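Based on these hints, arrange chain A on the given structure of chain G.
Those sequence lines, one after another, are chains G and A. Each residue of the first sequence is one higher than the last, beginning at 1 in the UniProt record's numbering. Each residue of the second sequence is one higher than the last, beginning at 1 in the UniProt record's numbering.
There's no promise every hint is true.
[Unchecked claim] Derived, one-sided and incomplete: chain G residues facing chain A with beta-carbon distance under 10 angstroms:
no. : residue
1   : His85
2   : Gly133
3   : Phe145
4   : Ser150
5   : Leu164
6   : Leu367
7   : Leu402
8   : Trp405
9   : Gln524
Since the hints were derived computationally from the structure, they do not count as laboratory data. What you are looking at is a predicted structure, and each value in this text was computed from that prediction instead of being measured. Where is the CB? At the ideal position from N, CA and C, for every residue including glycine.
2 protein chains.
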Amino acid sequence: MAPPSRYHDNRLPTPQQNGGVVVVPAEEETEAPLPQCENQLDPDEFRRQGHQVIDFIADYYARMGDYPVHPSVTPGFLHRQLPDHAPSRPEPHAFAAALQDVRDLILPGLTHWQSPRHFAHFPASSSTVGALGEALIAGINVVPFTWAASPAATELEMVVVDWLGKALHLPGSLLFGGGGGGTLLGTSCEAILCTLVAARDRKLADIAARSSGKGIEDLVVYCSDQTHFAFHKAARIAGIRRENCRSVATRRGDMFALSPADLDAAMRADVDAGMVPLFVCATVGTTQTGAVDPVRELCAVAAAHGAWVHVDAAYAGSALVCPEFGHVIDGAEAVDSFSMNAHKWLLANTDCCALWVARPAALVAALGTEQEYILKDAAAAGHDVVDYKDWSITLTRRFRALKLWLVLRVYGVEGLRDHVRSHVRMAAAFEGMVRDDARFEVVVTRWFSLVCFRLRSPESLGGEKAANELNRRLLEEVNNATGGGSGAPYMSSAMVGGVYMLRCAVGSTLTEDRHVREAWKVVQDRAASLLRKMEIIACWEVANQ
Amino acid sequence: MAPPSRYHDNRLPTPQQNGGVVVVPAEEETEAPLPQCENQLDPDEFRRQGHQVIDFIADYYARMGDYPVHPSVTPGFLHRQLPDHAPSRPEPHAFAAALQDVRDLILPGLTHWQSPRHFAHFPASSSTVGALGEALIAGINVVPFTWAASPAATELEMVVVDWLGKALHLPGSLLFGGGGGGTLLGTSCEAILCTLVAARDRKLADIAARSSGKGIEDLVVYCSDQTHFAFHKAARIAGIRRENCRSVATRRGDMFALSPADLDAAMRADVDAGMVPLFVCATVGTTQTGAVDPVRELCAVAAAHGAWVHVDAAYAGSALVCPEFGHVIDGAEAVDSFSMNAHKWLLANTDCCALWVARPAALVAALGTEQEYILKDAAAAGHDVVDYKDWSITLTRRFRALKLWLVLRVYGVEGLRDHVRSHVRMAAAFEGMVRDDARFEVVVTRWFSLVCFRLRSPESLGGEKAANELNRRLLEEVNNATGGGSGAPYMSSAMVGGVYMLRCAVGSTLTEDRHVREAWKVVQDRAASLLRKMEIIACWEVANQ
Numbered sequence: 001m002a003p004p005s006r007y008h009d010n011r012l013p014t015p016q017q018n019g020g021v022v023v024v025p026a027e028e029e030t031e032a033p034l035p036q037c038e039n040q041l042d043p044d045e046f047r048r049q050g051h052q053v054i055d056f057i058a059d060y061y062a063r064m065g066d067y068p069v070h071p072s073v074t075p076g077f078l079h080r081q082l083p084d085h086a087p088s089r090p091e092p093h094a095f096a097a098a099l100q101d102v103r104d105l106i107l108p109g110l111t112h113w114q115s116p117r118h119f120a121h122f123p124a125s126s127s128t129v130g131a132l133g134e135a136l137i138a139g140i141n142v143v144p145f146t147w148a149a150s151p152a153a154t155e156l157e158m159v160v161v162d163w164l165g166k167a168l169h170l171p172g173s174l175l176f177g178g179g180g181g182g183t184l185l186g187t188s189c190e191a192i193l194c195t196l197v198a199a200r201d202r203k204l205a206d207i208a209a210r211s212s213g214k215g216i217e218d219l220v221v222y223c224s225d226q227t228h229f230a231f232h233k234a235a236r237i238a239g240i241r242r243e244n245c246r247s248v249a250t251r252r253g254d255m256f257a258l259s260p261a262d263l264d265a266a267m268r269a270d271v272d273a274g275m276v277p278l279f280v281c282a283t284v285g286t287t288q289t290g291a292v293d294p295v296r297e298l299c300a301v302a303a304a305h306g307a308w309v310h311v312d313a314a315y316a317g318s319a320l321v322c323p324e325f326g327h328v329i330d331g332a333e334a335v336d337s338f339s340m341n342a343h344k345w346l347l348a349n350t351d352c353c354a355l356w357v358a359r360p361a362a363l364v365a366a367l368g369t370e371q372e373y374i375l376k377d378a379a380a381a382g383h384d385v386v387d388y389k390d391w392s393i394t395l396t397r398r399f400r401a402l403k404l405w406l407v408l409r410v411y412g413v414e415g416l417r418d419h420v421r422s423h424v425r426m427a428a429a430f431e432g433m434v435r436d437d438a439r440f441e442v443v444v445t446r447w448f449s450l451v452c453f454r455l456r457s458p459e460s461l462g463g464e465k466a467a468n469e470l471n472r473r474l475l476e477e478v479n480n481a482t483g484g485g486s487g488a489p490y491m492s493s494a495m496v497g498g499v500y501m502l503r504c505a506v507g508s509t510l511t512e513d514r515h516v517r518e519a520w521k522v523v524q525d526r527a528a529s530l531l532r533k534m535e536i537i538a539c540w541e542v543a544n545q
Numbered sequence: 001m002a003p004p005s006r007y008h009d010n011r012l013p014t015p016q017q018n019g020g021v022v023v024v025p026a027e028e029e030t031e032a033p034l035p036q037c038e039n040q041l042d043p044d045e046f047r048r049q050g051h052q053v054i055d056f057i058a059d060y061y062a063r064m065g066d067y068p069v070h071p072s073v074t075p076g077f078l079h080r081q082l083p084d085h086a087p088s089r090p091e092p093h094a095f096a097a098a099l100q101d102v103r104d105l106i107l108p109g110l111t112h113w114q115s116p117r118h119f120a121h122f123p124a125s126s127s128t129v130g131a132l133g134e135a136l137i138a139g140i141n142v143v144p145f146t147w148a149a150s151p152a153a154t155e156l157e158m159v160v161v162d163w164l165g166k167a168l169h170l171p172g173s174l175l176f177g178g179g180g181g182g183t184l185l186g187t188s189c190e191a192i193l194c195t196l197v198a199a200r201d202r203k204l205a206d207i208a209a210r211s212s213g214k215g216i217e218d219l220v221v222y223c224s225d226q227t228h229f230a231f232h233k234a235a236r237i238a239g240i241r242r243e244n245c246r247s248v249a250t251r252r253g254d255m256f257a258l259s260p261a262d263l264d265a266a267m268r269a270d271v272d273a274g275m276v277p278l279f280v281c282a283t284v285g286t287t288q289t290g291a292v293d294p295v296r297e298l299c300a301v302a303a304a305h306g307a308w309v310h311v312d313a314a315y316a317g318s319a320l321v322c323p324e325f326g327h328v329i330d331g332a333e334a335v336d337s338f339s340m341n342a343h344k345w346l347l348a349n350t351d352c353c354a355l356w357v358a359r360p361a362a363l364v365a366a367l368g369t370e371q372e373y374i375l376k377d378a379a380a381a382g383h384d385v386v387d388y389k390d391w392s393i394t395l396t397r398r399f400r401a402l403k404l405w406l407v408l409r410v411y412g413v414e415g416l417r418d419h420v421r422s423h424v425r426m427a428a429a430f431e432g433m434v435r436d437d438a439r440f441e442v443v444v445t446r447w448f449s450l451v452c453f454r455l456r457s458p459e460s461l462g463g464e465k466a467a468n469e470l471n472r473r474l475l476e477e478v479n480n481a482t483g484g485g486s487g488a489p490y491m492s493s494a495m496v497g498g499v500y501m502l503r504c505a506v507g508s509t510l511t512e513d514r515h516v517r518e519a520w521k522v523v524q525d526r527a528a529s530l531l532r533k534m535e536i537i538a539c540w541e542v543a544n545q
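If we strip away everything but chain G, and leave its shape as in the complex, we get:
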């Protein structure tokens, strides 16, 4: 398929016209045509382009409500519109032309996570300060892998993770002030992997010291059948055998929480079979239904087996900024580690996962490095300096602390509470509307801002399978209401205990009460239409029997 040669100034040969390459010996560089912009970090050019970008983004926010949340495109739609190689030389006014393509080609093909009608997955919570914090990070572009590699970046990270931990009412044992400490990573997947590796190496050292003859293949990790796949992925990466990952079954009667008694039984069975319990991943706010595992009781069970307990509060951790949610982590003083994604629901833009550990030394023992080429700073000698490269998978890292510091500073803890509470209030309103309509049921009691609901199966239909299919069709129709036009909300689904349900996760910064009301109206309309169609089909079937 011949792409348009849109990127090429016709006066210059493309690489294809030119046999693929242009060999310009380094010595003759001054003879070669000069690039359009000689200094790619020119302040004036940055200012000119930067103001264009700011206006572009502001316009996008202003028009956000006009976009269908999810695009009506088929695979290959964008691929077909782009050349199959990068331009050799930029076309004139390349930056402006590229921005125009972002507007005309790319934005229409995106799922707009910032749409006020985005209720799928969990939110990717944006704010002006979060977005501009990222811009500032990218502009400054330092790489604080050690304290010496950018002292202020490391120190700000240490300060801001303690700030955040306090704002979330975490136990002091997880903060630098209390012997623990935190760091900012990209995602919860990384946080879980880092802690799992720390736990694994600690356990293997312990095993080796006792000459028990056990090894990595005997280690067992535990979660519930509601735990995010990130944990399974982390366990696989860390070399835990797939068959040694216990997904303890949950029950609707327990609101799909991990049962301490069941965990205890699973651990005892493993010990009896000669296995070694290693790690428990408890979740506060599961992905499917927002379930909350009982932290205190799980820690007690794990302690009896010397297993590490990590709390994954990727989504709901943000709610802890409100004291009224503090009870969901009762007993967290006993956990080994805790993580949450400030980019999910705390206005911090992707990515920003905060991880706290009670014993940083275990992380450093597993992930630490020591090589000559890593500059040791004379100023740091004798001080208890954190080198964050030893706390994570990666060595290169971004200055995420700057963004989180700006968010906390500019919105304040109360501002973040207002933000979370407004979404909780809207979710409660949505839940109320569902309860008021007898055709529907709320499948799981709401904890935070996620509502799990579904159409009750009409008697004429019968059977769980048919009800699931009905709700599957309902979601499809809701997401494609108004032909995928700008009025349709975008929700996702869960399948828990054999029950298929719709998920309405309130959390977009732009969502207002009216968007929630309108979304519910769409659900009702589509349900009515669907049920009507089914009645017609049922009548037709009866008539033809």
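Chain A alone, transformed into the frame defined by chain G:
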């Protein structure tokens, strides 16, 4: 230590004054004081703040030369200046105040990686387009973990990794067009870990099928003693035993490249001992000296043992945009995977690691997920759609493709060549100046834009250890020349084969010929002063014998 209450509007209580928390039941939310900014994604507010940030960054670039590259601070300097908790409510004009603190408190405590006098480590290559690409990514803030989660983001990533692969003259077997494929991750650490896990699981499946009785504890990985610690870290994380990581010794006579004959011997010895060779990490452009491992020959050795070969070209991969460097990956058609950091030397700002694999199915088999809550899009059914969550450690990911696409589009392949060649030319000039001064030696022949050099040890000193100490002092004096003032360059060091050397890595976007000349002048001056001091000491010692 009581911090200043700088963040607090005195009319509002701090959390400390208020017993730590303010309980506002959700129902009473409208009664609580409203946040300063009700819509945290307000387009006008974004525009206002955004233009401030752009001007802030532009001013930073304009004043970059005025900053000492490395700050003269001691641990705790920033911590002491910040309150120990986040503000409850923002102070008036909080955003402007925060930017002022960035300027007055944070910038002076950073190591300025974008300084034209930053010659340490490897560059963190910035450009206006790279920085603004990041701003755009953060502003749009989509999370393209599957095709359906933002179709255009996935498709642009597929297009742009092929564009980059072609621009770098990679073999077609690594591109989507040729049966392979690429993705954009954060760092090389992630890239190496992903491929290592893919290789491990493939090998373990193979072992299980042959009922050989071998397991993960028998797997051995190979690198040279020059390979970046990222590989050791990845191997540890993946559960490879620390004692099963072979760092094959290199020699100065081989320019510190991994010897295929030595690799072969190591593999054979392991096989004879009942171990299973798994993975070879070859480096093109090692961190310490820029050494280049012979890819073709290493692939041939690895093939005989069914081992996976990954090429880590984190730094030097960018140089492949220039055809004159193509020979350094001769034989790359046989590699299993290849990664490079476009954020190091290709104007793409942190972070942007490109990873290509010859057989994507191996990645997906190891890292793939399948869960109900991941939305399957009807439009994608039946198409060969890439869900990038199955190609990486993380599920959440940023829309890095947008930035890389902008960089390639706006600078063009020739623009990137000019950029790389200008640094190579400056490094060659620096190398020439070192060679012209008989007191110095170039320790390792330069491949790219990194010069490794040192003061020859004066005869009166004698001994390698003394020479190392001399050069260690030289680096310290160079980096602290002009009292760490704005004239001093910032370099780093390497210790290879017992030889301590200084590293001058040219690559900052703002570096011009004069900065390189001035840096050399500082090195010469400091060396002269150091040698003079030593002569005086030597005289004094002779006189006192």
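Now the hints, each set against the structure:
1. His85: Nearest chain A Cβ about 5 angstroms off; hint holds.
2. Gly133: holds (8 angstroms)
3. Phe145: With a closest approach of 9 angstroms, the phenylalanine 145 (chain G) hint holds.
4. Ser150: Constraint on serine 150 (chain G) satisfied, holds at 4 angstroms.
5. Leu164: With a closest approach of 7 angstroms, the leucine 164 (chain G) hint holds.
6. Leu367: holds (7 angstroms)
7. Leu402: holds (7 angstroms)
8. Trp405: holds (8 angstroms)
9. Gln524: Cβ of glutamine 524 (chain G) sits 22 angstroms from chain A, so the hint is violated.
Hint 9 from the earlier list is the only one contradicted by this structure; the remaining hints agree with it.
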